[in-house]
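Asks: Each chain, written out:
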Amino acid sequence: MGEIKVVVKMLEANEELALKNRELLKERGIYLLNMISSPGSGKTSLLEQMIHRLKAKLKMAVIEGDLYTTRDAARIEAQGVPVVQINTQGACHLDSRMIHEALKQLDLAQLELLIIENVGNLVCPAEFDLGEDAKITVLSVTEGNDKPLKYPLIFEKSEVVILNKMDLLYYTNFDLKEFYDDLHAINNQLIVFETSCRSEAGLAELSDWISSKVRISREGDFGKKVVD
Amino acid sequence: MHETSIVAEVIKIVLAKAREYKISKVNAITAKVGELTGVSPEALSFAFEVFSKGTIAAEAEFKLNTVKASAKCETCEVIFAINHVNKKCPVCHRFCNNILTGYELLIETIEGE
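In order, the protein sequences belong to chains L and W. The end of the first sequence is residue 306 by this note's numbering, with every number in the run present. The end of the second sequence is residue 99 by this note's numbering, with every number in the run present.
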């Protein structure tokens, strides 16, 4: 037999399930965020802060990706919101199937906002659509301002970048101008929040952004339901 | 190493297509990898060698063709080469988000007997 023309996306299976996740959550008016960063950038601390600020006004839950431990999930649980732990057993990213399974463990009727904390890695999670409404990349100033150039794909695909640990800026050689120049050369539509979980700088702005995105997405869904 | 996960999917797709077309031995697979995908062709080839062992695609040649990244300016309609950090139209110098090529991760053809 000769050559067969197939033309199939290599990640077709992941994309199909991502679409299912997206539709499932859209039907229920749930806004999904996918938080990505390298290990130790402060994702879990930021999440704790966001939960603290948002849980009274938004029904929210968290999906925690972690290679082996349940430490982060325990920290989130202590904040009093539902959390589903995914242990990837060494795999370097979450995929849409894992999220699809995790969604079955949540009471979706009780939710408006769902945040995924991806596995700490700036490379692999960039490739896998989970069905999120937006990707948020967290970078801390101690990691250095060269990271957008070194890992451009994730900054290209994100809607928001959080520059965290701003309280430590003075102690590093992080060059803010170079950082913004590089970032905007990669993606000129990025929204950036400069934050610190210690001084609480930027946290109110970030939580306002999240709640406004949830509100806008729910208003859109409400409009659709009325038309249906 | 997201390439290993990607290759695992490639092999699933190839084996399913082989069954569909009643191929008992896959000789060649051609694929397209866009420049912007962040996927290393070398790592894909290596992962393919490992993951295809023991399957009917074990001896297949995995041919990867790189696709150059390009964009089309919404204002001047010029098509030009881009990379991650340079997406400005060479004519009007506006930042361009209308990316045409560079994100491909496609299996194109399968050849077998």
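Derived by calculation from the structure, the hints in this document are not laboratory data. One should not assume that every hint holds.
Stated by the list, open to error - Covered stretches of chain W, as calculated for chain L (at least 3 residues, CB under 8 Å):
no.	segment
1	-13 to -7
2	-4 to 2
3	41 to 48
4	68 to 76
5	88 to 96
To be verified - Keeping only pairs whose Cα atoms sit at most 25 Å apart, straight-line, the calculated DSS-like set for lysine-lysine is:
no.	chain 1	residue 1	chain 2	residue 2
6	L	83	W	3
7	L	255	W	74
8	W	54	W	8
9	W	39	W	8
10	W	-2	L	83
11	L	182	L	135
12	W	58	W	18
13	W	54	L	83
14	W	-2	L	98
15	L	182	L	104
16	L	98	L	182
17	L	98	W	11
18	L	228	W	74
19	L	255	L	228
20	W	74	W	58
21	L	87	W	11
22	L	137	L	182
23	W	49	L	87
24	W	54	W	39
25	L	228	W	3
26	L	83	W	49
27	L	87	W	39
28	W	11	L	83
29	W	58	W	39
30	L	83	L	104
31	W	49	W	-2
32	L	87	W	8
33	W	8	W	-2
34	W	11	L	228
35	W	8	L	83
36	L	98	L	87
37	W	49	W	8
38	L	87	W	54
39	L	87	W	3
40	W	74	L	87
Beta carbons are placed, not taken as given, at the ideal position from N, Cα and C, and that holds for glycine.
Asks: When the hints from earlier in the document are held up against this structure, which numbers fail?
Replies: 3, 8, 17, 24, 25, 29, 30, 34 and 40
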